[in-house]
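Student: Work out the full structure, taking the sequences as your base and the hints as a guide.
What follows is each chain in one-letter form.
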Amino acid sequence: MGGMGSVYRARDMHFPSVTKLVAVKEMINSAPDPLVRETIVQNFEREANLLATLQHPSIPRISDYFTVESRSYLVLEFIHGKDMEAIINETSGFLPESQVLTWAIELCDVLDYLHKHKPDPIIFRDMKPSNVMINQNGDVILVDFGIAKTFQSGIRGTMIGTEGYSPPEQYRGEATPSADIYAMGATIHHALTRRDPRLEPPFSFSERPIRRINSAVSPDLETVVNMALEYNTESRFRTAADMKQALTAVARKTGALVRSPHTGPVQSTGIKPLWSFKCEDEIRGTPTLSQGTLYIGSYDNNLYALDAAEGKFQWKYPTDGGIVSRPALFEGNVYVGSEDKRLHVVSARSGKVVWTYFTNGPIRSSPRIAEGHVFIGSDDSHLHAVNLNSGRMAWRFEAADFVRSTPFVMNDLVYVGCETGDYYAVDFRGELKWRFHAKRAITSSTTGAGQLLYFSSMDGTLYSLDSRNGWVIWRFRLGKASISTPCVMDDFVFVGAADGFIYAVETKSSKEVWRFRTEHQVNGSPVVYKDSLYCGSVDGTLYCLEYRTGRLRWKFGTQGAITGTPLVYDDIVYIGSTDHQVYALLA
Amino acid sequence: MNKLSRWLSGLFGNQQPSSSSTTQEIANTAPLTEQQLQSIVANQNPRFDLQQLISAGGQSVGKQRDLNEDSLLAMTTTMAGNSGNLPFGLYIIADGMGGHQFGEVASNAAIRTVAGYVLRKFHPYLFHVKTDTMDESFQEIMQAAVTDAQRAIQREAPGSGTTLTAALVVGQQITIAHVGDSRAYFIYPDGRLEPITRDHSLVKRLEELGHITPDEAANYPHRNVLYRALGQGEILDPDIFTIGFPQPGYLMICSDGLWGVVAEQDLIKAIIESPNLQRACQNLVSAANTAGGPDNISVVLVQLIG
Numbered sequence: 000m001g002g003m004g005s006v007y008r009a010r011d012m013h014f015p016s017v018t019k020l021v022a023v024k025e026m027i028n029s030a031p032d033p034l035v036r037e038t039i040v041q042n043f044e045r046e047a048n049l050l051a052t053l054q055h056p057s058i059p060r061i062s063d064y065f066t067v068e069s070r071s072y073l074v075l076e077f078i079h080g081k082d083m084e085a086i087i088n089e090t091s092g093f094l095p096e097s098q099v100l101t102w103a104i105e106l107c108d109v110l111d112y113l114h115k116h117k118p119d120p121i122i123f124r125d126m127k128p129s130n131v132m133i134n135q136n137g138d139v140i141l142v143d144f145g146i147a148k149t150f151q152s153g154i155r156g157t158m159i160g161t162e163g164y165s166p167p168e169q170y171r172g173e174a175t176p177s178a179d180i181y182a183m184g185a186t187i188h189h190a191l192t193r194r195d196p197r198l199e200p201p202f203s204f205s206e207r208p209i210r211r212i213n214s215a216v217s218p219d220l221e222t223v224v225n226m227a228l229e230y231n232t233e234s235r236f237r238t239a240a241d242m243k244q245a246l247t248a249v250a251r252k253t254g255a256l257v258r259s260p261h262t263g264p265v266q267s268t269g270i271k272p273l274w275s276f277k278c279e280d281e282i283r284g285t286p287t288l289s290q291g292t293l294y295i296g297s298y299d300n301n302l303y304a305l306d307a308a309e310g311k312f313q314w315k316y317p318t319d320g321g322i323v324s325r326p327a328l329f330e331g332n333v334y335v336g337s338e339d340k341r342l343h344v345v346s347a348r349s350g351k352v353v354w355t356y357f358t359n360g361p362i363r364s365s366p367r368i369a370e371g372h373v374f375i376g377s378d379d380s381h382l383h384a385v386n387l388n389s390g391r392m393a394w395r396f397e398a399a400d401f402v403r404s405t406p407f408v409m410n411d412l413v414y415v416g417c418e419t420g421d422y423y424a425v426d427f428r429g430e431l432k433w434r435f436h437a438k439r440a441i442t443s444s445t446t447g448a449g450q451l452l453y454f455s456s457m458d459g460t461l462y463s464l465d466s467r468n469g470w471v472i473w474r475f476r477l478g479k480a481s482i483s484t485p486c487v488m489d490d491f492v493f494v495g496a497a498d499g500f501i502y503a504v505e506t507k508s509s510k511e512v513w514r515f516r517t518e519h520q521v522n523g524s525p526v527v528y529k530d531s532l533y534c535g536s537v538d539g540t541l542y543c544l545e546y547r548t549g550r551l552r553w554k555f556g557t558q559g560a561i562t563g564t565p566l567v568y569d570d571i572v573y574i575g576s577t578d579h580q581v582y583a584l585l586a
Numbered sequence: 000m001n002k003l004s005r006w007l008s009g010l011f012g013n014q015q016p017s018s019s020s021t022t023q024e025i026a027n028t029a030p031l032t033e034q035q036l037q038s039i040v041a042n043q044n045p046r047f048d049l050q051q052l053i054s055a056g057g058q059s060v061g062k063q064r065d066l067n068e069d070s071l072l073a074m075t076t077t078m079a080g081n082s083g084n085l086p087f088g089l090y091i092i093a094d095g096m097g098g099h100q101f102g103e104v105a106s107n108a109a110i111r112t113v114a115g116y117v118l119r120k121f122h123p124y125l126f127h128v129k130t131d132t133m134d135e136s137f138q139e140i141m142q143a144a145v146t147d148a149q150r151a152i153q154r155e156a157p158g159s160g161t162t163l164t165a166a167l168v169v170g171q172q173i174t175i176a177h178v179g180d181s182r183a184y185f186i187y188p189d190g191r192l193e194p195i196t197r198d199h200s201l202v203k204r205l206e207e208l209g210h211i212t213p214d215e216a217a218n219y220p221h222r223n224v225l226y227r228a229l230g231q232g233e234i235l236d237p238d239i240f241t242i243g244f245p246q247p248g249y250l251m252i253c254s255d256g257l258w259g260v261v262a263e264q265d266l267i268k269a270i271i272e273s274p275n276l277q278r279a280c281q282n283l284v285s286a287a288n289t290a291g292g293p294d295n296i297s298v299v300l301v302q303l304i305g
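Line by line, the protein sequences are chains A and B. Note that numbering that gives the first Met the number 0 has the first sequence beginning at 0, numbered continuously upward. Note that numbering that gives the first Met the number 0 has the second sequence beginning at 0, numbered continuously upward.
Don't take every hint at face value.
Subject to a maximum C-alpha distance of 30 Å in a straight line, what follows is the list of computed DSS-like cross-link-like pairs (lysine-lysine) [stated by the list, open to error]: (1) B:203 to B:268; (2) A:507 to B:203; (3) B:203 to A:510; (4) B:120 to A:510.
Sample of chain A residues facing chain B (criterion: CB under 10 Å; computed from the structure) [stated by the list, open to error]: (5) 32; (6) 42; (7) 172; (8) 202; (9) 436.
No wet-lab data here; the hints were simulated from the structure. For glycine and all other residues, C-beta sits at the position ideal for the given N, C-alpha and C.
Tutor: Dropping the structure here:
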């Protein structure tokens, strides 16, 4: 209507003995400029006069209009019901085709009535779900005629019509019955797919084919909608009556009550591992590969070294606690933390201990090696910096709680999160540079790209921070908590969450690109290799997805939850599972 | 000691033997040659230990309009102390939609509302570099500011609309909120011009869909038709993104009264060949007016130095 408005339910007191409800549409003219105010009142009166001349079951009857100071009122027939947009939003899943079809046929009927109006056709110009009410009988009522007015072509092309539903020619100022037909097609498309066209670029319906989003829709209905949405006016239905006829034919053919069953999930393909190796207890962590040898810790307390090509056992090194920490390799030594509170350093060749370093709590964090030091967190609530040569503590930084995330090093700063949700940037002398606080634990480790840091939190948020000062660039809401470490590739950041989804988010705009549903929590981290994204889930499956689209390429089932991160090297994926095994698969 | 010598070399840099070949040319009058400019730019960097933003703006009603419907804001603050420094800037251009639709009311409301919202959020941080940062993200703040502006326009000038291209700079990161066909560009000293926003215009969309070629687009009769504008439609989906500040380089925001009138090569030239940002803005505005000045012209140039 132009102007802020409300709609009230009122009782018409001309009829004191019966309750006659009316809708009173109020428009508050808040414009300070007198010229603006005048234009608003004129628009309002135009809507009232237009409505008064119309008679159709799908058009509300008007009984009065008036203006009091800065407020104007329309008194209309009261409609018991809801608008179509609310119905689309409140429905979980898709609306049945038969229902949408019935509404569409009725809408074509009222459009046909308007287009045949004498002396001049009335172009509604604003067909969209929120302008369609569905009353108690399930019939459609077209509301808000505020825009059905003569087109004013401004210097900068006044935009009339609703973005997303309008056809190309309407942006050029051409309003014809054909424009209403296009918007009609857009409205049905929205109702069938639940994809709001106002959130998409204009004229992009062909990029969202109906049946690819909602496979239950009949091909015949899709054809009718596509024809209404044709780019060129001559390719669309000539009249609303023609479109109504086509829709009626679809309704007859489909019986308008038939419901197609949903297609099942993609079948698990029969992928055979190249090799597998069984430990004596669960593998919850992530392997590391160096010079043809795979290193991985297990909850049988051992660190294993396996031949990466064939999975042959080379050596194992026993600790006194479970190992979830991911091993790190540096100058012929393997560094790994254990729940026995120690950081162990063993020879990569022989598996013999070089030195160990005690903390005062179990270690679940993984070692990060930089600048002659190894950085690691511990459940003693400290970030430890240990000199690589001496095995002695250089410094330790006191965090507010357990440090289970893996330190990340960039720009001469060490970044680490802890279980209270505090996140620290510490310099190489162990002094706090800046601090950030998430609402819940940060168990996820940090990934850095450009000058930005990415990590997720138990508060259900994926964060992007400026590494230099800790300012939050954006926050992305995940469905549930997350301990998954993000992975960055091209302009995307990928992360898993406890809601079972793997998310792909644009790094620049924080817009969701796709999400993929697994059957259980995703606690491990995704990795990208060539065109694929690999990620495990607590449902026991390793998924391989096309990373740009999130489409499933293949999946591989294990007998236990996968909580670690896959490692891909030389076209081979390595993954540990809580079924005690580590698997090697062709990527 | 070190600082002093650097300062001295910065101050007297042009007179050192190594740059003797350019000394003579410096005696010439403007415009400066490319080499002169580069030597100035090269000598500039060491002089600023303190990282800071500098900015300038330019505006003109043009040659063919009576009314200026563009609004412009350039706000730059520098704060430094023992706990560090934080360059902060907010740069906005809004181009109100034509004629009787009260575009000037809309563009002014857009600037006022967005700037007001952002400054209220940052007020506690502008006078004190804290180790603890804000909970809300830059992108959320910009989104909320745009939503606020949308409401303000619908209240103050219903039916009207405006473009909005707003850049919030904190540290080295620029967060852009963009609706319509004003543009933000990066301009690099080597003469590259990179558009960083995408027009929400019918002509751009038709070009993206392949219905018209870029050549046809340049002469398309409805070049001024937008499909997204602040104040229009009940759902507004601004483009919001964050991008690193070009170093070295410039951020430029302008209305279509500049980019639609002056060729890219001339834009670049006007900037690169100017001795400073103020002059560059003047040159850009007069280039658009020389080309006929069919529309209001607004431009902001920003540089991050140090």
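Student: Checking hints one by one. Is residue 172 (chain A) an interface residue toward chain B, by the C-beta closer than 10 Å rule?
Tutor: holds (8 Å)
Student: Take the C-alpha atoms of residue 120 (chain B) and residue 510 (chain A), compute the straight-line distance between them, and say whether it is at most 30 Å.
Tutor: holds (23 Å)
Student: Between residue 203 (chain B) and residue 510 (chain A), does the CA-CA distance stay at or below 30 Å?
Tutor: The given pair, whose Cα atoms are some 22 Å apart, holds under the 30 Å limit.
Student: With a cut-off of 10 Å on the beta carbons, see whether residue 42 (chain A) makes it to chain B.
Tutor: Holds - the Cβ of residue 42 (chain A) comes within 10 Å of chain B, reaching about 7 Å at its closest.
Student: Identify whether the interface hint at residue 32 (chain A) stands, where standing means a beta carbon of chain B within less than 10 Å of its own.
Tutor: Constraint on residue 32 (chain A) satisfied, holds at 6 Å.
Student: Holds or violated: are the alpha carbons of residue 203 (chain B) and residue 268 (chain B) at most 30 Å from each other?
Tutor: Within the cut-off at roughly 25 Å; holds.
Student: Between residue 507 (chain A) and residue 203 (chain B), does the CA-CA distance stay at or below 30 Å?
Tutor: Distance ~21 Å between residue 507 (chain A) and residue 203 (chain B) Cα, so the pair holds.
Student: Let's test the interface hint: is any C-beta of chain B closer than 10 Å to that of residue 202 (chain A)?
Tutor: holds (6 Å)
Student: Can you verify the interface hint for residue 436 (chain A): is its Cβ closer than 10 Å to any Cβ in chain B?
Tutor: Result: holds, 7 Å to nearest chain B Cβ.
In summary, this structure violates none of the numbered hints.
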